[in-house]
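Residues 1 to 367 in the working numbering are what the sequence shown lists, from first letter to last.
Hints were generated in silico from the structure; no laboratory data involved.
Here are the simulated DSS-like pairs of lysine-lysine, each with C-alpha atoms no more than 27 Å apart in a straight line:
1) 306 x 342
2) 223 x 236
3) 293 x 342
4) 309 x 339
5) 46 x 223
6) 342 x 309
7) 183 x 236
8) 293 x 339
9) 183 x 223
10) 309 x 293
11) 306 x 339
12) 306 x 293
13) 46 x 236
14) 293 x 46
These numbers come from a predicted model, not from an experiment.
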Amino acid sequence: MSRIANANRLVIKIGSALLVDSEGDPARTWLAALADDVAALRANGKQVVIVSSGAIALGRRALGLQRSSVLAEKQAAAAAGQARLMGAYEEAFSRHSIPVAQALLTPDDTERRRRWLNARATLETLLHLGAIPIINENDTVATAEIRYGDNDRLAARAAQMISADVLVLLSDIDGLYERDPRKDSSAPFVAEVQDITPAIDAMAGDAGVLGSGGMRTKIEAAKIATRAGCAVAITKGAELNPLQRLASGARATWFLPHASPRAAYKAWIAGSLAPQGALVVDDGAATAVRAGKSLLAAGVTDVQGKFEKGDCIRVLSAAGAEIARGLARYDASDASRIKGMKSATIVETLGYDAGPALVHADDLAQV
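Work out the full structure: start from the sequences and follow the hints.
Put into structure tokens, the structure is as follows:
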């Protein structure tokens with residue numbers, strides 16, 4: 001209960017089995033109750049992102065397709081079903097006057113730093129504007145070799161991307177058991193996981209009927225999210241108002257992180273990425289960076305190396321000492337053109353403006 005109450009950002013993953021009824025239509029009553037839950041969370045100052053399956057299942061109904069493993073048919077179904085999926089969400093949230101926004105992602109968007117930054121900026125802006133981002137895998141363009149194949153891991157990457165505090169995986173089961181409870185009714189329930197050990201991995205079961213993910217993908221998602229400082233709950237979603245029930249203490253398995261999202265993100269920047277270049281800064285900029293502020297173009301005196309937007313770069317003092325690492329908001333060429341400039345002249349020089357910071361404070365880690 002306290003984890004939901006204390007969270008600032010939540011990512012909710014919803015599978016096809018919850019969203020699509022037995023006739024292949026949107027489960028509108030369930031969605032309306034979910035919208036009530038999300039509206040209540042927002043009223044308490046929380047930001048919510050939804051990662052949603054369902055497009056393929058809805059598209060099959062529209063196109064008269066049977067369940068198939070043929071990628072082209074899945075992509076056709078996704079194209080037909082995505083509009084129906086978003087229409088169902090718009091209908092559910094319109095009762096609360098909450099706008100929804102479609103965000104279709106592929107693994108490249110969450111694993112390549114430049115595209116990762118662009119996707120994160122879009123999601124951050126949508127949240128700032130009061131919209132609910134509805135994320136799904138971009139099945140119409142993803143190939144068999146380059147796709148997630150399930151939205152559990154996509155949800156974990158989204159949680160990592162926006163530094164969410166809690167990821168809720170709504171499932172057809174109320175959490176993790178030591179053995180499959182559908183086969184063994186006496187299987188012990190696992191209420192809390194502090195470390196995902198090989199023994200926890202061994203508890204994974206098979207996929208459900210409509211969805212492509214099972215307990216194994218949920219555990220893999222939990223590994224990604226907890227490393228990013230995000231707590232993960234696996235809980236049953238079939239009953240109405242699943243988020244309200246979870247916040248009130250409904251049975252769930254909680255996977256616990258070992259750091260805050262912010263600390264985990266900073267550690268990733270500082271220790272997990274190879275720097276591709278460097279920015280040399282004046283004394284004033286160095287003081288600002290040490291105080292946790294953004295690195296503005298005006299304080300940069302030299303640009304070293306070849307790097308792209310989103311690459312990790314070092315921040316060096318005038319004496320050459322490394323004081324921080326961060327993700328570049330501009331590539332090396334454009335950074336060289338605007339170094340030393342005031343913010344107001346950036347757009348005049350480059351013809352576009354990605355903000356006044358060469359490295360934003362959110363993307364800076366002191367070393």
